[in-house]
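Each chain, written out:
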Amino acid sequence: MTRQRLLPVLLFAGVIILALIPLGLDPRGYEMRILCITLLFASLGQAWNIVGGLANQISLGHAAYFGIGAYTSTILLKLFSLSPWLGGVIGMILAVAFALLLSLPTARLKGHYYALATLAAGEAIRVIANSWADVTGGPVGISVPYLPDGSLWMMQFSTVLPNYYLFLAALVVICLVFWKIKSGALGYRLRAIKENEQAAEVIGVDTYRSKLIAACVSAAITAFLGTLYAQFQFFFDPDTVFGVATISVKMALIAILGGVGRLSGPLVGAAFIIPMEEMANSYFGSSAAGLSQFAYGAILVLVILLNPHGLTALFAQLRDRFTGKGGSHDRSVA
Amino acid sequence: MSKSFGTEAQRATGLSRRAVLATGAAALATPALTGRVFAQDAVNVGVIMPLSGPNAQFGINSRNGIQLVADEINANGGIKSMGGAPINLVIADATSNPTQAATVAQRMMSQDNVVSVLGAFASSLTLAISEVTERRGVPLLTMSFSDQITDRGFRNVFQIVSVGSQIGAATFDYTRALAEQAGTTLERIAIMYEDTAYGTSQSAGLRSAAAAAGIEVVMDEAYPLGITDVSPLINQLRRSDAQVVFPVSYLNDSLLIVRAMRQQGITIPTVGGAAGYIIPDFRDGLGELADNVLSISPAAYDQAPEYTERFREKFGYFMVHEAQEHAACMGCLHAALESAGKADPDAIREHLQNDVFDQGWATVMTGGKVEFDDKGRNPHASPLMVQWQNGELATVYPKELAKAEVVWNS
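So the sequences go chain by chain: R and Z. The working numbering numbers the first residue of the first sequence as 12 and each following residue consecutively. The working numbering numbers the first residue of the second sequence as 199 and each following residue consecutively.
It should be emphasised that the hints constitute simulated quantities derived from the structure, not laboratory data. Beta carbons: idealized from backbone N, C-alpha and C, even for Gly. Do not rely on the hints blindly, as some may be mistaken.
As the list claims (entries may be wrong) - Anything over 12 Å on all C-beta distances counts as not near chain Z; from chain R, calculated: (1) Leu-22; (2) Ala-30; (3) Ile-32; (4) Cys-47; (5) Leu-93; (6) Gly-215; (7) Val-216.
Claimed, not checked - Selected chain Z positions facing chain R (in silico; Cβ < 7 Å): (8) Arg-305; (9) Glu-329; (10) Ser-344; (11) Ser-399; (12) Ser-429.
Given the sequences, and given the hints that come with them, work out the whole structure.
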């Protein structure tokens, strides 16, 4: 019980620390960029966690929402000089529409079938982005128009410092949403679905509706993160934002590696994966290029082998060992 | 310190954890330290290439070209106006992911203080890098040919080759001119393309060029990437009675298609679109059957053999176009560094923008010189039509640059 009271304090302290970190860093530097990407992927992992973690609906098509968000705001910005804030909201609406379209037939699918259906849907959107070249720029990709001076309304800045705080704010909001859902009625319904869908139906849970709501919330969040990414990276192509490996699987990986279904899971997962991937590239990128991916993959396999429940479970085990609570740990607590 | 507290077990783990942390910290500090050592006098130049993944071979070729020029500069006493400062290449893998490419660029500018960046072969990677270099005011020299690279009004990007739309148009126009030169009027062409983003966009360019010229496309066929049986395609080609065929594909499919065509005795002119058609692997994969295959190319090694043969001596294969263009980029940067006299990105940018580069490696480009206009494009660059002749690539068009007569089987 003390853990549950301790948790908000810890998280609040974490946010303060994260807010203070950039003060000591070059606002246009490399470390800031890595931190931004880490925060972005922590948020993405958390968004995925709503469906993948709480309801155990393993989606491999979240890149579709991410890409819809990135493309919608960027296209509207290019064509009509519309602020990405508004473009991002429109992107969220479109992503929710797509999530509904996708969920209506697939939400009843289970396990592997759901994973495959979402995977295919994500790929379908990628193909559309590739071939609808008049609007999306096609396979070459699309650039956000450059404003040298930057402005908050256009979500473009001369350093990445404001981007960092946007990513941090997004992460805080998304964590709150996740926590709200998890500790609310919807969270219990989703967990009931996760444990045993038939039993959940028997006791009166509208499983279909619960899954639909979770999918829509997750899609909307992911889409807005796509807009934030577009305004941070300034250039992207269909293979990047709709990529299976670059987005869809990575979102799932971060949540799963950190600890699926836990609030802290994606945070730990992203804090581990993103810097590690970058360090592997930085060491081996010049001398033995292929080795960086190999090292990255090997470490991931190792972590999963060490503890299939994710890093947070590993930490909990370690702590329990030192505090003498024994090997058992309560997985239901975040 | 750890000895002063805790049980046996804690001490043991505490120590090992400390050791792990120390190792990690040391490892983290290593690149910074090595960077410093090299940075004393040397001028750091960033080289970002796809060194792993599907474009790795092209990235390695490009790196080789740049390395060759940098080694020559250093062997000849470095940058004279800077007291003989050597050039230190900071080479990094862009992978095939634009986000990663931008991160690498950021790393180079923050940690290695590169004065300029060269790269990154694939247009999507170059576009992502340019967003970072533009904001930091560091010049980026590239041979990626997407129009978009120099269409955004950036001040710090310099594109040494013709843009993609020019290359696309030249593919068709040169082919028509070559046919005319051989005494035939081009009326019927065949297009077969891989069913990918690359194939679809390239074939669309050809199709619209043909429509504009009033030439009939008698075969217009997509096929799946990695096709294993091309005989239906070849049969259709035979029936179509086309005068020229444009197979749009990377290496493996083009090998299959050309081999099957030649084995079935179809000898009509075959025009490829750079990429896999003008690398040694194409000749190695096809042997004699490669002869007479044409391709567009943004540069050709037979234009400046006195330079490009040095590449062949060092690396054992002819100087492929991406190596040659990147070498030219390095040549321009070298000249700009000499005239700037200081390792300052702004000064280098001014000289890249305003100087004429007609010495050394810059001369391997068409026109024998390089200049950059307001957009950052090189107006002297011109696409070339090359043809495989006796296992080597020979420029056959435009006429004033041609080094060999074209073989045209109409």
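Hints, one by one, checked against the model:
1. Leu-22: At about 24 Å from chain Z, Leu-22/R clears the 12 Å cut-off, so the statement holds.
2. Ala-30: Its Cβ never comes within 12 Å of chain Z, the nearest being 21 Å, so this holds.
3. Ile-32: Ile-32/R clear of chain Z: closest Cβ-Cβ about 16 Å, beyond 12 Å.
4. Cys-47: violated (10 Å)
5. Leu-93: Nearest chain Z Cβ is 19 Å from Leu-93/R, so the label holds.
6. Gly-215: Gly-215/R is indeed farther than 12 Å from all Cβ atoms of chain Z, at 45 Å.
7. Val-216: About 40 Å separates Val-216/R from the closest Cβ of chain Z, which puts it past 12 Å; holds.
8. Arg-305: holds (5 Å)
9. Glu-329: holds (4 Å)
10. Ser-344: holds (5 Å)
11. Ser-399: holds (6 Å)
12. Ser-429: violated (28 Å)
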